[in-house]
Amino acid sequence: MFPVFYVAGLVALVSTVMVVTRRNPIHALLYFILSLVAVAVIFLDAGAPFVAALEVIIYAGAIMVLFIFVVMLLNPGVALVIRAREWIGPAILSLLLTLGIVYSVVGSTIKTMGISATTPKDIAMALFGPYLLGVELASLLLLAGLVAAYHLGRRIEREAPARGASLQPGAPVGSGAPSSRKEGA
Amino acid sequence: MRQYPIDYGLVLSAVLFAIGMAGVFVRRNVIFVLLCIEIMLNAAGLAFVLGGARWGQADGQVMFIFILAMAAAEVSVGLALIMRMFHRFKSLDTNEIARMKG
Amino acid sequence: MELLWLVPALPLLGFALLTLARRLVRGVAALIGVGSIGLSMLVTLWIAYSFLVSPPQSGAASDTVWSWIALGDFRVSVAFYLDSFSLVMILVITIVGFFIHLYSAGYMEGDDGFARFFAYMNLFTASMLILVLADNLLLLLVGWEGVGLCSYLLIGFWYRDPANARAAVKAFVVTRTGDAAMLVGFLLLFTSLGTLNIQDLLSKAVSQWPSGSGIAIAAAALILAGALGKSAQLPLQTWLPDAMAGPTPVSALIHAATMVTAGVYLVARTHAIFALAPPVQLAVGIIGVATLLIAGFSAITQRDIKRVLAYSTMSQIGYMFLALGVGAWGAALFHFVTHAFFKSLLFLAAGSVILAMHHEQDLLKMGGLWKRAPVAFWTFLVGALAMAAVPPLISGFSSKDWILSWVWSSPAGGPVLYVLALLGVLLTATYTARLVTLAFFGRERDVPEHVHPGGALIAVPLIVLAVPALFLGLIQTPRSLGGVNLFASFVQGVLPEPGAEGPPSTELLLMAVSTLVALAGLVLGWALGVSQARAHLARREAEPAGSPLHRFLLSGWGFDWLYDRAIVGPYRWLARINQSDVADWIARGFAALSRLLNRLLSLAQTGRLRWYATALGIGAVAIVAMVVFL
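Protein chains in written order, with my numbering: chain A, 30 to 214; chain B, 46 to 147; chain C, -10 to 619.
Bound-form chain A, shown alone (with noise of 0.2 Å):
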């Protein structure tokens, strides 16, 4: 049974990085949906049958569509190239937060666990008990998201006039009028 860990584990791992290191946007969502189907693997070998399934459908399907939409949306084209020494430093802090991590991980007694799945029902009793009101913050932070993300995708005409004073100096004024226009719409 333990390979299963392993090579999902694995194959997270390696989408994880190919996400980051991908220039083209479409191709980086399409790594980390992989890498979020393994990780729903993880969760289906771990015992939590109900988050694997949620891994799958609310993630990777709903609100990694979302990303796509955006992106096709936008089309933003092929993202600039990273050089190699732009990685330098954030590797090493990675490095660093990791190497703490394991060594704590490592440091602990736990090294193995017994396994017993948990239902939806366990997972429904502890929310709709203890978490009730987790619950409900949840659900106004969702209010508010879908409220603000309504007004942020409103039609924007209105912004039109500000447009000239708030551009990069460099930017031809008001070429961006039109365009917004299209878009909102």
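No false leads were mixed into what you were given.
Listed next, with one range per pair, are the computed distances between beta-carbon atoms:
1. C:F579 x A:L162: 40 to 50 Å
2. A:L39 x C:A614: 23 to 33 Å
3. A:L162 x C:L176: 50 to 60 Å
Some chain A residues judged to face chain B by a derived CB distance under 8 Å, without partners named:
4. F34
5. T45
6. I92
7. P119
8. V135
9. I152
10. G174
No wet-lab data here; the hints were simulated from the structure.
Backbone N, C-alpha and C fix where the C-beta goes; we use that ideal spot for every residue, glycine too.
Here the structure of chain A is known, so what remains is to put chains B and C in place on it, guided by the hints.
Using the frame of chain A, we list chains B and C on its own:
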């Protein structure tokens, strides 16, 4: 009841988190930045689920559901902001919007 | 007595309304300003009625509005204390205050700061009422500083003229000098007696301090310093003549009727402490008589109608201090009452004259106004006769005569003080007669073609105030003239008499002497006025240089000159050489440090998202490292 390498699972989540963090630092394209944040959230969720599974409790998975809800809200607002930014600056480069300097 | 808190609260409410409301219509502003005082007066009259009908058991009532400070055993509450003494005070303040407010509605008509004026006046009245009603020293201090503030604001009411602003600052600083000493006195009382409640304080002082002990003398002297500053007595008297820069109703309310007598109130209120300190009490009497004479001499030489009245106010308050000095607390209070009525009447009538003269205040340019401004003339005449203490039974006569008889017969008084006070009577009659003669009689000198002494709003308060100025003396008359003793018996419980009165025959003799002296003064003043008017007509344009003595008296005995050389000059010199000291360096050091930090921190604000994210990440890594490795 079967044995499960919980420590490797946590190490995996740490590595995923670190990769995501490095991506946030390196990438200039704001879509990638948002994506890397998603990676970090997902890694944190992995650690929660594994931790919950270790104790046979549902709490870790409840936390994951909260993370999911938060990620959904964050992505919707973040993407809306990205669209506004693209309309306004015709660019997704975070260095282009560095006008709020002290 | 439950309504007592309303008495100061109503003017305070008026102040709040006038301050907070923007762009009030003139009529509404006047209605709020005058109406709040009017309501306060009605409440006061009701309280006085119920006080007289059913006096409280102990002769005093106290009304605690709320607890202000409660720190362990130390408690201060906003509490009002009503006895016959403070009742007399609030009656005078609200009645005189109401009519002056009414007058102001006419006098200030057309002024830009109409609402502002009434706001200040209401705040002043509220502060004054708090001052006299206060149950403890801290609340008294609130009222004390409140009236000082309003005095400053109203002297400098026409602040566009720098001279007015200077006069306001001078009044504030000079009174402040006394206030600082007074505050030290209050603290001394608090630390040694452990309470701020005035009644507790007095009873404790009487029981704990032996008569003539050092601490009683120190406390009395320090309180006296505050009273001197507020009441414009020697040596802190220089601000009052300059304070006439304010509008005339202000001079009437603040610098004649109420605020300047706050010192008298304070000394009389704490008279138990003064009785324990005979040297200080003697000093009170001497200061009173000295101020009385100095101000009297100066008043004779002044040309400005309001300055004459200002000096006369100083000298009348000198009488009150003299009475306090000989222990005649009740007589001092009675003189305060009559003075409040006749002096505010004089000021208001003078205001009417000033209006008629198109804001000309020079006496030598007036003359013959008696038929041009008859209301002002007749009311001014009533006030002047009251001030000059001419019998029969004009208010000032009975109060002044009461003081004089006590000066003669009290153990603390004596023939010397009496003779000096008698000289004061002569001076008072002289400058009063000169004032009336120059202003109202003789040929018209520089009187404008059309005179406007004001409408009904001006005339009605004048006439109403003239009534008590005429007849108020009837409630307290010498024994030989009926011996009505209403006032003395009313305040007897709070303000005892200094001793046994002399025999009636002596009193009659004293009265006759002072009356003769006053009449002589009137004749002298008349002659002086006529001759000065004639001299002015003869010379016309040429300014009279005057003799050195005349100039000396005109400048108020050179006190301004002396203080300029002795205090203001050295102080400014010290301030100049001390301009950049260590404290400044420290302050500048902080400023430089924060500027430096600002430059450094603003470098960190690059506006780049990745920069911020990296900083956040470094922080997170550092925290993980700390948790894991330490």
